Amino acid sequence: MAIVKNDSVIEQEWITVDAEGDLPASDENLIVPLARFKDQRDDLIGRNGGLGVQLNPGDAPEDLADDLDRLSIITVNFPAYTDGRGYSYGRVLRERMGFKGELRAIGDVLRDQVLYMHRCGFDSYDLNVDDETALTKVRAALKEMSVYYQPTGDGRMTAGSLRERRANATGKTF
Amino acid sequence: MYRYDDFDRQLVQERTEQFREQVKRRLAGDITEEQFRPLRLMNGVYLQLHAYMLRVAVPYGTLRADQLRELGGIARKYDKGYGHFTTRQNIQYNWPKLDEIPDALLDLANVEMHAIQTSGNCIRNTTTDQYAGAAADEIEDPRPYCELIRQWSTFHPEFTYLPRKFKIAVTGSPNDRAAVKVHDIGLRMHQNDAGETGFEVIVGGGLGRTPFVGKTVRDFIGKNDLFSYLEAILRVYNRFGRRDNKYKARIKILVHEEGVEEIQRLVEEEWAQIKDGSLRIGDDEIAQYIEQFAPPAFETLSDDDADFERHKAENRGFSNWVRSNVIEHKQPGYAIASVSLKPIGGIPGDATDVQMELVADLSEKYSFSDVRVTHEQNLVLPHVKKADLFALWTELDKANLGTANLGYVTDIIACPGLDYCALATARSIPLSQRISERFGDLDRQHDIGELKIKISGCINACGHHHVGHIGILGLDKRGKEFYQITLGGDASENASIGKIVGAGFSEAEVVDAIESLVTKYIDIRDAGERFIDTYRRVGTDPFKEVLYGDR
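For the protein sequence lines, the chains are G and Z, in the order given. Note that the first sequence ends on residue 174 in the UniProt record's numbering; no numbers are left out. Note that the second sequence ends on residue 551 in the UniProt record's numbering; no numbers are left out.
Just so you know, not all the hints are guaranteed correct.
Chain Z regions said to be covered by chain G (calculated; three or more residues, Cβ under 8 Å) [what the hints assert, rightly or not]:
no.: 1; stretch: 5-14
no.: 2; stretch: 145-159
What follows is a list of derived Cβ distance ranges for each label pair [stated by the list, open to error]:
no.: 3; chain 1: Z; residue 1: L98; chain 2: G; residue 2: D18; range: 39 to 45 Å
no.: 4; chain 1: Z; residue 1: Y247; chain 2: G; residue 2: G46; range: 45 to 51 Å
no.: 5; chain 1: Z; residue 1: D307; chain 2: G; residue 2: G171; range: 43 to 49 Å
no.: 6; chain 1: Z; residue 1: G479; chain 2: G; residue 2: G155; range: 57 to 63 Å
no.: 7; chain 1: G; residue 1: N128; chain 2: Z; residue 2: R9; range: 33 to 39 Å
no.: 8; chain 1: G; residue 1: D131; chain 2: Z; residue 2: K477; range: 52 to 58 Å
no.: 9; chain 1: G; residue 1: A169; chain 2: Z; residue 2: G195; range: 32 to 38 Å
no.: 10; chain 1: Z; residue 1: L98; chain 2: G; residue 2: E144; range: 18 to 24 Å
Just so you know, these hints were derived from the structure itself, not from any lab. These figures come from a predicted structure and were not determined experimentally. Here a beta-carbon is modelled for each residue, glycine too, at the ideal position from N, C-alpha and C.
Construct the entire structure; sequences and hints are all you get.
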């Protein structure tokens, strides 16, 4: 396993717990599933360590609306690469709800999905390969394409906006 | 017609390179067939019964002459000299070698074509009226909006791993030739009370195992809001569409299970949050796309052409072809000519390399280099001077492309079936050939009039049998093919799903069964009634009786 963020491999600094079971010491950085967060919210936000939430397919990111400022990280689980619900969660969290913390894709995260994830607001990727391979893959994936048609919240210029800019400069769009 | 600019070209080039790398990884054994599968599927490469199959996108069924010529060249270079036009207005090649597919894609890229999103659980090729920009009954040319949708949907980062594939169709005419009511999203252009043109949005239609006619979620959406409204629907589908069962994953099931009111509520709620954002399409941008599809340089002509009338009077073959294959154009003195890919006894939708090149040449000569592919698996030259029709037909006819049967009983839609397809349970092509031969006599076809037969070789319904006036579904019963007949399907603005008429027929019986249905219709029709009209008037019983008697 290797986590790639901002063009480098980063350490795993978070402990992820399941729906049940004991919580680690209060100063550990902790990620809990959304359902548990909703159940034990008051206890969880009173801890000393960092707090994150894991979204699974079927969860509603909207449930975190009142707590986004308290979360340093949200992980979105892709149990199979074919389950694309997490792409919508990413965009809703970033573009609609204004989440500024780390948004990490976990689960069946493959090279060929990384660019789409990035476009949907993800900034870290947990790949099931060694560090060097993960970094190589993410780097390659992020630069494979350079033309984008859809505006998302990722800051990339779309073909449409570049055409408009060109039209303003030259009077000719196409 | 839309021409790629540098952005479009670069995107396709990059995609072509990306796929070449992926094939290289596969051929080198770096990845398994299992790992390669999602990658090839994103690029239109299927593994069929005998070989890989490559499906090439023909966005909204519109081709330039140079593109069609290249499709012919690819058929010769990488296939066995033919290609198969599909119900998605695309073309597929049945015999390419995997190691050569990247080269074929490069050849395609050189004429601004590709295989992007011709498979996979993403937004597929947007289809439209094959007569767009030419039809006399059109409210507005739908192609600018199809091109906008093409761009919006290409590599959409959020909607590339949907629960299931997603198909959008647009019609700019009240006479729906694009089957919009049996699509995941159907867009019907019309004018609102304020006189603005926009779209009725129909959601949740579809064929397959569980056919549905789509339901209207919004009577009118303005052009500026097209992207945001589509994105709202897709987001609702991506989040809430079923993923537990592949056969219940299309949006039609979501609409059916939740009810259209609930879907409408979810979509409107989502849309309210994004409609004023960056997806809004400006009037200038719309105007630029309309300009891309500006009418060609038509001459000012009288609508009557004496030579055309004379040829019709003198040549029965020509007048027959005009009768079925030529329809009115919005521009006086011009006509829309359909090129049938359904020769009597032939394989529906197949065209040889030479035929494709010929139609490309003829489109340059007679139709402003514009060719269309229809979802009924024919080709169209949309802008032909009436004065040129005779010369056009003469050249088509020499190449076995002059068959006068558009909309008739031999103009059959058929899927590739068990001859090619890994999913099929029965053969479709040989059956369609036999039906075509049985009804081949042209006088008889004229007598029968419009009758749409559609054949699918399995319940996935690629041959659209649910919306055939007569639909035929090929199944497997203890190792033997048998065929189930449905009646009363219709893909037009009066869309309906056909009803199963009774027990299926063996391969030996089915053509006779079709013939007795047709004979019954002729016996009981009122003057001017098409098969579908008679069926709607009398219902299933009289037809059931000829098939099964008292059984």
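Next item on the list: May I ask which of the numbered hints given earlier this structure violates, with the numbers listed in increasing order?
Entry: No hint contradicted; all consistent.
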